[in-house]
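There are 2 protein chains.
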Amino acid sequence: MSIEFHVEARAGTARAGRLITAHGEIATPVFMPVGTQASVKAVPQDTLEELGVQILLGNTYHLYLRPGVETVRKLGGLHGFMSWPRAILTDSGGFQVFSLNELRKVTEGGVTFRSHLDGGSHFFSPESAMAAQIGLGADIVMAFDECTEYPADRARAKTSMELTLRWAERSKKHFEEHKHEVPWSAASAFRLSASGGDHVGTAAPSTGSGQAPGCPVERSSAAFDSGTTVVEEQSGLRPDGQPGAAVPTCHGKTQSLFGIVQGGMDLELRKESALRTIEIGFPGYGIGGLSVGEPRELTREVVEATLEHLPTDKPRYLMGVGTPEEIVEYARLGVDMMDCVLPTRAARHGLLFTSEGRVSIKQARYAQDQGPLDPNCACRVCQRYSRAYLRHLYAANEVLAQVLNTIHNLSFYLDTMRRVRHSIRLGEESRCF
Amino acid sequence: MSIEFHVEARAGTARAGRLITAHGEIATPVFMPVGTQASVKAVPQDTLEELGVQILLGNTYHLYLRPGVETVRKLGGLHGFMSWPRAILTDSGGFQVFSLNELRKVTEGGVTFRSHLDGGSHFFSPESAMAAQIGLGADIVMAFDECTEYPADRARAKTSMELTLRWAERSKKHFEEHKHEVPWSAASAFRLSASGGDHVGTAAPSTGSGQAPGCPVERSSAAFDSGTTVVEEQSGLRPDGQPGAAVPTCHGKTQSLFGIVQGGMDLELRKESALRTIEIGFPGYGIGGLSVGEPRELTREVVEATLEHLPTDKPRYLMGVGTPEEIVEYARLGVDMMDCVLPTRAARHGLLFTSEGRVSIKQARYAQDQGPLDPNCACRVCQRYSRAYLRHLYAANEVLAQVLNTIHNLSFYLDTMRRVRHSIRLGEESRCF
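Residue numbers (this note's numbering), protein chains in the order written: chain U, 2 to 434; chain B, 2 to 434.
Simulated from the structure, these hints should not be mistaken for lab results. Ideal placement from N, C-alpha and C gives every residue a C-beta, glycine not left out. Take every hint as true, because none was put in to throw you off.
To spell it out: a stretch of chain B is covered by chain U in this simulated footprint if at least three of its residues, at any positions, have a beta carbon under 8 Å from a beta carbon of chain U; those stretches are:
| id | region |
| --- | --- |
| 1 | 35-48 |
| 2 | 68-75 |
| 3 | 366-377 |
| 4 | 399-411 |
Keeping only pairs whose Cα atoms sit at most 30 Å apart, straight-line, the calculated DSBU-like set for lysine-lysine is:
| id | chain 1 | residue 1 | chain 2 | residue 2 |
| --- | --- | --- | --- | --- |
| 5 | U | Lys315 | U | Lys173 |
| 6 | B | Lys75 | U | Lys363 |
| 7 | U | Lys174 | U | Lys254 |
| 8 | U | Lys42 | B | Lys42 |
| 9 | B | Lys363 | U | Lys42 |
| 10 | B | Lys315 | B | Lys272 |
| 11 | B | Lys159 | B | Lys174 |
| 12 | B | Lys42 | U | Lys363 |
| 13 | B | Lys315 | B | Lys254 |
| 14 | B | Lys272 | B | Lys174 |
| 15 | B | Lys75 | B | Lys174 |
| 16 | B | Lys173 | B | Lys106 |
| 17 | U | Lys174 | U | Lys272 |
| 18 | B | Lys42 | B | Lys75 |
| 19 | U | Lys75 | B | Lys363 |
Based on the provided sequences and hints, a complete structural model is requested.
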């Protein structure tokens, strides 16, 4: 069984729900912090847990280059490697291949590019991107797509969209044939944690901190000697109808592949891309190719138009957004999942988001400001430190500045989404959303 | 009343005891992490508390330059500024003035030097170093001394020693005349924590986390409207016998000034320096001018010889040491306090101290090592993460590498000293130390 998704409340076009993955439940709409190289920069995993992060994002492009998929696979996949017991989503590498590499060559087969680390030549294809993501073992993986550049005329956007659709078919095929290779096993050394989040219900057993590790993996074929309960697994059938290898599950869920809608800024192409991606069939849909330099009003227009054509009973994931105002806006339009480096990257540059607006903590005006960063924030940074201290840390180039700034910004984003979910649920009851 | 110091157990020349300061008790022998710019690099204060740090060191030279003494004073001294409710010791700036500045000019008055930040010209004297430290408000401050360079012939070491003694007199005079200016007040916004440490007894009240802030300051003169109990304060007398300004205390303790023994590597000069520093009279004594390039055997020789002449009922603070082996060695000789950047600096370079020896985590051999960094370590890093992950973080230049590596190294150092204190106490009972 792939992921489950339940919409539990509505307010206009907004929905509040639960996304049930192999590594726990996620309350939606959700903002996913980005852990590019298997680390949400500067923040230890226990702090992420305390903040209530239920799902984070890893970048396949970066991890493929360093430390490499095989290393991560051997350490039990990303969950084991980075000791993160909750959910993980990986992107396919498609975006970075385009954004980080000027010298690249796109063919029907895939993309040849040079590593930004050492200039070495590499090739990504739908098949290799699926293989990498299966090896990394995230709960949700993304189809290998072409992120259409901006601006792009209609002909170019259409050509790109068609390529993405062909690559989506290949992604799904390879995924279905190889998903049994996901490195989830009882031997993976990580600890399940039941703490944090909205407590809308979690599938993860309450082992508490410091308890015995291990994901109780059920396999659908008695041939696997796992010593755990055998579970019926209908996805053990291959596309050709033959029985396939048993697919590892965790808490009854397999790894899941989402498709991605492209089409540039053309609303008709977006509709076509959505319908044809749905035809291929995925348990969830990403909206890609946005926040690539277009005006914000255009982003909204395209998001709204695309959402119209995506199923309401499946999660809709808007990739790569946004500011605190934008994530609220898109959640209200009906987006269920978002990710962005903004809170973490801005934090490292001293740009902090607060309930009273943006604070550029490096400014001299804060040098003797005794007050908390955000008087309305309950995070450990605002509860303990003054603006003057945060400003000093940043000016003095102290590592702690990155740590504390990031903790606050993440807390602010997560708190923002928490309020959105709450107001959606209230909206249904009181009709005043 | 200045600090209290109680030796509670002996084993040979080693002593285990309690140092009672204005901001809590410290179990000795103690290793003090260095928080150079009001931050122990990469480690948030709550983590320091969890590790059991009872006292940390701040560098006056750095803080004087940035953010400046006035800023810190206005934020309630270092305790308020960095939100550290436990004990703090500051050095006088003397060492950095010598170690960080090639162009400096020493006169009887003090030292002219150039800021390593912007090349601006500054002047440090015993008086200004005391004023700065009083403004920063640490529990223990150090006399302004000249750290004799190494090597130095006897004549040079003697001249330097004599200067340090004259500066020690001036330091004490200025300190006694101005210690009432320490910025400790009920208005300082920080929270007292009763957690951590050896629980040999703590003077700090158990306010718990999140409770009301404020150091209950008692002042010795009824003229101060503090609303708290008036405490007899004998140090309210000035050197000329006139009643001086009331000296702020916290939990009945005032800020305290330690003297520093110099004399180079000459054992006779060291003896003379010790006796003449004792003559001036301080509640505790630093042993300076060591770990400046001399062979380790010589360090030990000089430490041993110096300790012979220092009072046994006062804390002896060996400045700037050492490796895990060295701090154990010096503790057994009878040193009560030590500080060093080694655990924190080495951590940031991937050099980790473990019960099985030093681990240079960057090495390829760890790339797929699933085991913990130190199987005998109970710290959160060793309890959660694999060597492979730590190695990846370091190789990938992730900030989290600095955070986790530092947490482990500090934990190792603090645990090492905990064992030493324990073995000293056992040694007294079982006579097998």
